[in-house]
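J.: What follows is each chain in one-letter form.
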Amino acid sequence: MMKVVRGFYAVAYSVKLCKPDVICAYPITPQSEIVENIAQMYANGELGNCEYITAESEFGAASILVGASATGARTYTATCSQGLILMSEVLWNAAGMRLPIVMTIANRSLSAPLSIWNDHQDSMAIRDAGIIQMYVENNQEVHDMMPQAFKIAENHKVMLPMMVCMDGYKLTHAYEPVDLLSQEIVDEFLPPYDPPVKMTTKEPYTFGSYATPATYMEFRAAVYNAMERSRKVIEEVYKEWAEISGRNWGGHIVAENCEDADVCVMAMGSLVGLVREVVKELRGEGKKVGFIKIRTFRPFPAEEIAKAVDNAQKVVVFERSLSMGSDAPVTLDVKAAIHKKAIDVYSPVVGLGGRDVPHKLVKSTIEEVIEGKAKPGTYFKGLKDYEEVVV
Amino acid sequence: MEKLRITLGAVSKPLESLKIKTGDWGAEYPVIIEENCKGCGDCVVYCPDLCIELVEVNGEEKKKKVAKVNYDYCKGCGTCSVVCRHDAIKMEIKEIYRG
Ligand code: SF4
Ligand code: SF4
Chain A
1 MMKVVRGFYA VAYSVKLCKP DVICAYPITP QSEIVENIAQ MYANGELGNC
51 EYITAESEFG AASILVGASA TGARTYTATC SQGLILMSEV LWNAAGMRLP
101 IVMTIANRSL SAPLSIWNDH QDSMAIRDAG IIQMYVENNQ EVHDMMPQAF
151 KIAENHKVML PMMVCMDGYK LTHAYEPVDL LSQEIVDEFL PPYDPPVKMT
201 TKEPYTFGSY ATPATYMEFR AAVYNAMERS RKVIEEVYKE WAEISGRNWG
251 GHIVAENCED ADVCVMAMGS LVGLVREVVK ELRGEGKKVG FIKIRTFRPF
301 PAEEIAKAVD NAQKVVVFER SLSMGSDAPV TLDVKAAIHK KAIDVYSPVV
351 GLGGRDVPHK LVKSTIEEVI EGKAKPGTYF KGLKDYEEVV V
Chain B
1 MEKLRITLGA VSKPLESLKI KTGDWGAEYP VIIEENCKGC GDCVVYCPDL
51 CIELVEVNGE EKKKKVAKVN YDYCKGCGTC SVVCRHDAIK MEIKEIYRG
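So the sequences go chain by chain: A and B.
Take the first sequence: its letters are residues 1 to 391, numbered as in the numbering used here.
Take the second sequence: its letters are residues 1 to 99, numbered as in the numbering used here.
These are computed hints drawn from the structure, not numbers from a lab.
There could be a bad hint or two in this list.
[Stated by the list, open to error] Taking lysine to any residue pairs in the SDA-like style, the calculated list, with each CA pair at most 20 Å apart, reads:
{"no.": "1", "chain 1": "B", "residue 1": "LYS13", "chain 2": "A", "residue 2": "LYS19"}
{"no.": "2", "chain 1": "B", "residue 1": "LYS13", "chain 2": "A", "residue 2": "THR71"}
{"no.": "3", "chain 1": "A", "residue 1": "LYS19", "chain 2": "A", "residue 2": "ASN37"}
[Claimed, not checked] Not everything, but these chain A residues come out facing chain B in the computed CB check (under 7 Å):
{"no.": "4", "residue": "MET97"}
{"no.": "5", "residue": "PRO192"}
{"no.": "6", "residue": "TYR193"}
{"no.": "7", "residue": "PRO195"}
{"no.": "8", "residue": "VAL197"}
{"no.": "9", "residue": "THR201"}
{"no.": "10", "residue": "LYS202"}
{"no.": "11", "residue": "PHE207"}
{"no.": "12", "residue": "GLY208"}
{"no.": "13", "residue": "SER209"}
{"no.": "14", "residue": "GLU218"}
[Stated by the list, open to error] Some residues of chain B that are not near chain A, with every Cβ distance over 10 Å (derived):
{"no.": "15", "residue": "LEU4"}
{"no.": "16", "residue": "ILE6"}
{"no.": "17", "residue": "LEU8"}
{"no.": "18", "residue": "LYS13"}
{"no.": "19", "residue": "ILE20"}
{"no.": "20", "residue": "ALA27"}
{"no.": "21", "residue": "VAL31"}
{"no.": "22", "residue": "LYS38"}
{"no.": "23", "residue": "TYR46"}
{"no.": "24", "residue": "LYS68"}
{"no.": "25", "residue": "GLY78"}
{"no.": "26", "residue": "SER81"}
{"no.": "27", "residue": "VAL83"}
{"no.": "28", "residue": "ARG85"}
{"no.": "29", "residue": "ILE96"}
Keep in mind it's a predicted model, so treat the numbers as computed, not measured.
For each residue, glycine too, the CB sits at the ideal point set by N, CA and C.
Isolated chain A (complex conformation) (with noise of 0.2 Å):
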């Protein structure tokens, strides 16, 4: 059923289908919204046996969860920002414990200084975690990508939790049509959560145990080898769901005029939609320009990038976080994943904090490396001519 609604209803209403066992969540702006309009549905007894449970922090929230799953729960959280770091210690727990959790990233930036808008600083910081990530272009996407999420998470081959990130505000409070899903086709999608071990009163389990030297590497090398299994599985998952809805929204990345194309630029999230169209627009200037979509980032799409950008000579990785220190994050593994090849990486860092991110300048800065008047690296795009003084 088509409707125009706001991008934290389309993810309230697909997670409500998802029939989740336990919800727990703190309010963070802005993600607050999605589970505001979850609630209200529980409160309208329309989430059946489901608890909601209202923590006292993000902290909290995903701890409840991590005992919610061992139970053999389904469970769901939404957060961003200071919250998902908050998270952060009991989110590696939750990975290193196999446990499926599912949730919302609203992406939004970090502290200090304080800022409530949109980048993707917030989850990169934890990328590291064992924690499926993939992100969203609009609210279709992440409409879609709920009952995907559980799916995948929750494959006996998998095991680890899942985050769909969504842009704050871009795309949290952005109204758009949006083709709600029925029940009937997320229930013939995604079977109930079937837990390979879950703990009773009667029969307890200490999950995440404590493990000596001896066995400590070979632990953490079966959450590496699980994201690594986890590569097929999202794929057949999004394949599936193409067919089940008659909606493609492609593999781990999807490639656009790449095969002849000397410049190739990528971009994630929101972003993705706005970059598109000046590629269409350059191409149509006859550049030889073109544009990929990354959705999957962990795991880390490299063949697939690799193979995308083989006959470029250029690459422009839209940026919107950094890595103190080194490249941005996405630059990094771009570049890891294309080593071998001849092929320059810019990498101009755009829109931190909620600063906009305009037509103009997605084009200029694209031209430019075209035009060879851009500097290989991470350089900044948008900033202001600035000095730091003491107070």
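Since the structure of chain A is provided, determine the placement of chain B with the ligands on it from the hints.
T.: What follows is chain B with the ligands alone, placed relative to chain A:
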């Protein structure tokens, strides 16, 4: 070689941690001097790893209770030897750490 068996999510059953002999970790270990031990139980209370208990032994005149250390889990912190008021616990350095 036989494969190492690890559980999904490092899940373990109750009491499995007993198999992990944390006593390996210590560099020192306490030795109880039974003649001095009065069986007061102070060391039992203070041991952070709950690995001292009082056991009956035959004394000079009658049976008496003395401290006994479970070396499987004693981490060699020395707390017991500090709290003992009767000079009944001496800390020794493990053989492998002797110069
Ligand atoms: S050395 Fe420490 S751990 Fe060992 S018995 Fe004494 S108090 Fe307990
Ligand atoms: S060893 Fe010392 S503290 Fe422990 S029971 Fe004997 S006398 Fe008391």
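J.: It remains to establish, for every hint, whether it holds in the given structure.
T.: Hint check results:
Distance restraint check for LYS13/B and LYS19/A: the Cα-Cα separation of roughly 30 Å exceeds the 20 Å cut-off, and the hinted pair is therefore not satisfied. Simply put, LYS13/B and THR71/A have alpha-carbon atoms about 14 Å apart, close enough for the 20 Å limit, and the pair holds. At most 20 Å may separate the alpha-carbon atoms for a hinted pair to count; LYS19/A and ASN37/A meet this at roughly 15 Å. Of the supplied interface hints, the one on MET97/A holds, with its beta-carbon coming within about 4 Å of a beta-carbon of chain B, less than 7 Å.
Against a cut-off of 7 Å between C-beta atoms, the interface hint on PRO192/A is violated, since the closest Cβ of chain B lies about 19 Å away. Evaluation of the TYR193/A hint against chain B yields a violated restraint, the C-beta minimum of about 15 Å exceeding 7 Å. Interface restraint check for PRO195/A: the shortest CB-CB distance to chain B comes to about 10 Å, outside 7 Å, so the restraint is violated. Against a cut-off of 7 Å between C-beta atoms, the interface hint on VAL197/A holds, since the closest Cβ of chain B lies about 5 Å away.
For THR201/A, the suggested interface contact is broken, since its CB lies about 12 Å from the closest CB of chain B, more than 7 Å. Of the supplied interface hints, the one on LYS202/A is violated, with its beta-carbon coming no nearer than about 11 Å to a beta-carbon of chain B, more than 7 Å. Restraint check, PHE207/A versus chain B: the minimum CB separation of about 5 Å is within 7 Å; hint holds. Restraint check, GLY208/A versus chain B: the minimum CB separation of about 5 Å is within 7 Å; hint holds.
Hint status for SER209/A relative to chain B: holds, with the closest Cβ pair at about 4 Å, below 7 Å. Hint status for GLU218/A: holds, given a least beta-carbon distance of 5 Å to chain B, under 7 Å. For LEU4/B, the shortest C-beta to C-beta distance to chain A comes to about 6 Å, within the 10 Å cut-off, and the non-interface label is violated. In this structure ILE6/B is not separated from chain A by more than 10 Å, as the shortest Cβ-Cβ distance comes to only about 5 Å.
Taking the minimum C-beta to C-beta distance to chain A, about 5 Å, the non-interface status of LEU8/B is violated against the 10 Å cut. A cut-off of 10 Å between C-beta atoms contradicts the statement that LYS13/B is not in contact with chain A; the least separation is 6 Å. A beta-carbon of chain A is positioned within 10 Å of the beta-carbon of ILE20/B; the least distance is around 6 Å. With 10 Å as the threshold on Cβ separation, the claim that ALA27/B sits away from chain A holds: the shortest Cβ distance comes to roughly 17 Å.
Taking the minimum C-beta to C-beta distance to chain A, about 26 Å, the non-interface status of VAL31/B holds against the 10 Å cut. Even its closest Cβ contact with chain A, about 36 Å, leaves LYS38/B beyond 10 Å, as expected for a residue assigned away from the interface. Its beta-carbon lying about 23 Å from the closest one in chain A, TYR46/B satisfies the requirement of being farther than 10 Å from that chain. No Cβ of chain A approaches the Cβ of LYS68/B within 10 Å, the least distance being about 25 Å, so the stated non-interface status holds.
Listed as a non-interface residue, GLY78/B keeps its Cβ farther than 10 Å from every Cβ of chain A; the least gap is roughly 23 Å. Distance check on SER81/B: its Cβ is at least 26 Å (rounded) from any Cβ of chain A, clearing the 10 Å threshold; non-interface status holds. For VAL83/B, the shortest C-beta to C-beta distance to chain A comes to about 27 Å, beyond the 10 Å cut-off, and the non-interface label holds. The beta carbon of ARG85/B sits about 34 Å from the closest Cβ of chain A, which is more than 10 Å, so the claim that it is off the interface holds.
The non-interface label for ILE96/B is consistent with chain A: the shortest C-beta to C-beta separation is roughly 17 Å, beyond 10 Å.
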